[in-house]
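Spelled out from the first residue to the last, the chains are:
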Amino acid sequence: MSVDSSGCAAPDQAAPMPASVDVEKETVITGVVKGSGGPVAGAYVRLLDATGEFTAEVVTSPAGGFRFFAAPGTWTLRALSREGNGDATVAANRGINEVALTVGS
Amino acid sequence: MSRDTVLVSASWAEENIGAASVVFVEVDEDASAYDGGHIEGAVKIDWKKDLQDPIRRDFVSKAQFEALLSARGIGNDDTVVLYGGNNNWFAAYAYWYFSLYGHRDVRLLDGGRKKWELDNRPLSKDAVSRPATSYSAQDQDLSIRAFRDQVVAAIGTQNLVDVRSPDEYAGRLLAPAHLPQEQAQRPGHIPTALSVPWSKAANEDGTFKSDDDLRALYAEAGLEDGKATIAYCRIGERSSHTWFVLQELLGHTDVRNYDGSWTEYGSLVGVPVAIGDEPGQA
Numbered sequence: 285m286s287v288d289s290s291g292c293a294a295p296d297q298a299a300p301m302p303a304s305v306d307v308e309k310e311t312v313i314t315g316v317v318k319g320s321g322g323p324v325a326g327a328y329v330r331l332l333d334a335t336g337e338f339t340a341e342v343v344t345s346p347a348g349g350f351r352f353f354a355a356p357g358t359w360t361l362r363a364l365s366r367e368g369n370g371d372a373t374v375a376a377n378r379g380i381n382e383v384a385l386t387v388g389s
Numbered sequence: 002m003s004r005d006t007v008l009v010s011a012s013w014a015e016e017n018i019g020a021a022s023v024v025f026v027e028v029d030e031d032a033s034a035y036d037g038g039h040i041e042g043a044v045k046i047d048w049k050k051d052l053q054d055p056i057r058r059d060f061v062s063k064a065q066f067e068a069l070l071s072a073r074g075i076g077n078d079d080t081v082v083l084y085g086g087n088n089n090w091f092a093a094y095a096y097w098y099f100s101l102y103g104h105r106d107v108r109l110l111d112g113g114r115k116k117w118e119l120d121n122r123p124l125s126k127d128a129v130s131r132p133a134t135s136y137s138a139q140d141q142d143l144s145i146r147a148f149r150d151q152v153v154a155a156i157g158t159q160n161l162v163d164v165r166s167p168d169e170y171a172g173r174l175l176a177p178a179h180l181p182q183e184q185a186q187r188p189g190h191i192p193t194a195l196s197v198p199w200s201k202a203a204n205e206d207g208t209f210k211s212d213d214d215l216r217a218l219y220a221e222a223g224l225e226d227g228k229a230t231i232a233y234c235r236i237g238e239r240s241s242h243t244w245f246v247l248q249e250l251l252g253h254t255d256v257r258n259y260d261g262s263w264t265e266y267g268s269l270v271g272v273p274v275a276i277g278d279e280p281g282q283a
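In order, the protein sequence lines correspond to chains E and R. Residue numbering for the first sequence follows our numbering, starting at 285 and increasing by one per position. Residue numbering for the second sequence follows our numbering, starting at 2 and increasing by one per position.
These are computed hints drawn from the structure, not numbers from a lab. There could be a bad hint or two in this list.
Which chain E residues face chain R? A few, computed with CB under 10 Å, are given here [what the hints assert, rightly or not]:
1. Thr311
2. Val316
3. Lys318
4. Val343
5. Gly349
6. Arg351
7. Ala372
8. Val374
9. Ala375
10. Asn381
11. Glu382
The following residues of chain R were derived to be distant from chain E, with all beta-carbon distances above 12 Å [unchecked claim]:
12. Val7
13. Ser10
14. Gly38
15. Ala72
16. Trp90
17. Gln151
18. Ser166
19. Pro198
20. Ala203
21. Gly223
22. Asp226
23. Gly227
24. Val272
Every residue gets a Cβ at the ideal spot worked out from N, C-alpha and C, and that includes glycine.
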């Protein structure tokens, strides 16, 4: 594979998991941002490491979905949106880790 | 350089939509973001299709850059205001790229697309076309671009700044965490490089921190005055953000962006690599 081709481009958050991604090896942190009226599209979700430092950021899909590829350990998710902000923590293991993330004012 | 000549606020931008000789240019990681809504009148530049050579790993030539800007309707005397998603990573990359080819008046929109959206400012889906120009670029200003041999020579002698996340620096992650982690290159960082993540220079809404905060950040990290500096990340876009901070906001001289960055360095045969949270020895 070409290491350049994907760049740092954030993959489409609504897309199904690419076939090339081995979920046995990856630590996937995924979920849906919800506000008072249901899923929030276009929210900014940041992944912070165990020291609170920024690691990555994605914009949620039309269905409010987000997905990160991290490593096993403790992570914080922080969502920013026009409806308000919200946080959640997750102790992630290898495989798929689902997280609920709610925003409000 | 100072903030007044290199950075514009969202409110300034909104007031200057449609102003003569101001051209807004959106540059995104996700090239489809523009199509879903952009600042009215803004043109799009695709950082990959428009700014990279399609075959080998390098930039487009001066003639290709001239053709690109001419087709987008950007003139030599226009004020170019760049903005984009991902906290302006690719807009900062384009800023550095426009500087490389000598555009005189180029600025970043503070906070980029994120602040614009969170502020609820208007976005347009209207197609944009500007009359073509006859743009004339300069030869690349190689005083702001670092190549691999210069980077190896800088180990232990110049300021090297690794602006990736701490986990990438240490070798625990191989890419920013919105990307799959299987990558060809070795994990780790260039020995003696300081870890100053780009994100420490920005607020949560994507705007830059104050000059005082920025000065304190790099002083505390151990950046030495009077030494040349090379910034790098994975592919050179986050390090463009830091290059902008050091050279354009803080006025440091002799600051280079290593656009090969970790995808090149981490694949080189025989170069030293450090693992873990400490800079390591030369």
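Hints and how they fare:
no.: 1; hint: Thr311; in the structure: holds (8 Å)
no.: 2; hint: Val316; in the structure: violated (16 Å)
no.: 3; hint: Lys318; in the structure: violated (18 Å)
no.: 4; hint: Val343; in the structure: holds (7 Å)
no.: 5; hint: Gly349; in the structure: violated (13 Å)
no.: 6; hint: Arg351; in the structure: holds (8 Å)
no.: 7; hint: Ala372; in the structure: violated (15 Å)
no.: 8; hint: Val374; in the structure: violated (12 Å)
no.: 9; hint: Ala375; in the structure: violated (16 Å)
no.: 10; hint: Asn381; in the structure: violated (12 Å)
no.: 11; hint: Glu382; in the structure: violated (16 Å)
no.: 12; hint: Val7; in the structure: holds (23 Å)
no.: 13; hint: Ser10; in the structure: holds (19 Å)
no.: 14; hint: Gly38; in the structure: violated (10 Å)
no.: 15; hint: Ala72; in the structure: holds (23 Å)
no.: 16; hint: Trp90; in the structure: violated (7 Å)
no.: 17; hint: Gln151; in the structure: holds (20 Å)
no.: 18; hint: Ser166; in the structure: violated (4 Å)
no.: 19; hint: Pro198; in the structure: violated (6 Å)
no.: 20; hint: Ala203; in the structure: violated (8 Å)
no.: 21; hint: Gly223; in the structure: holds (17 Å)
no.: 22; hint: Asp226; in the structure: holds (25 Å)
no.: 23; hint: Gly227; in the structure: holds (29 Å)
no.: 24; hint: Val272; in the structure: holds (16 Å)
The structure is inconsistent with the numbered hints 2, 3, 5, 7, 8, 9, 10, 11, 14, 16, 18, 19, 20, although it conforms to all the rest.
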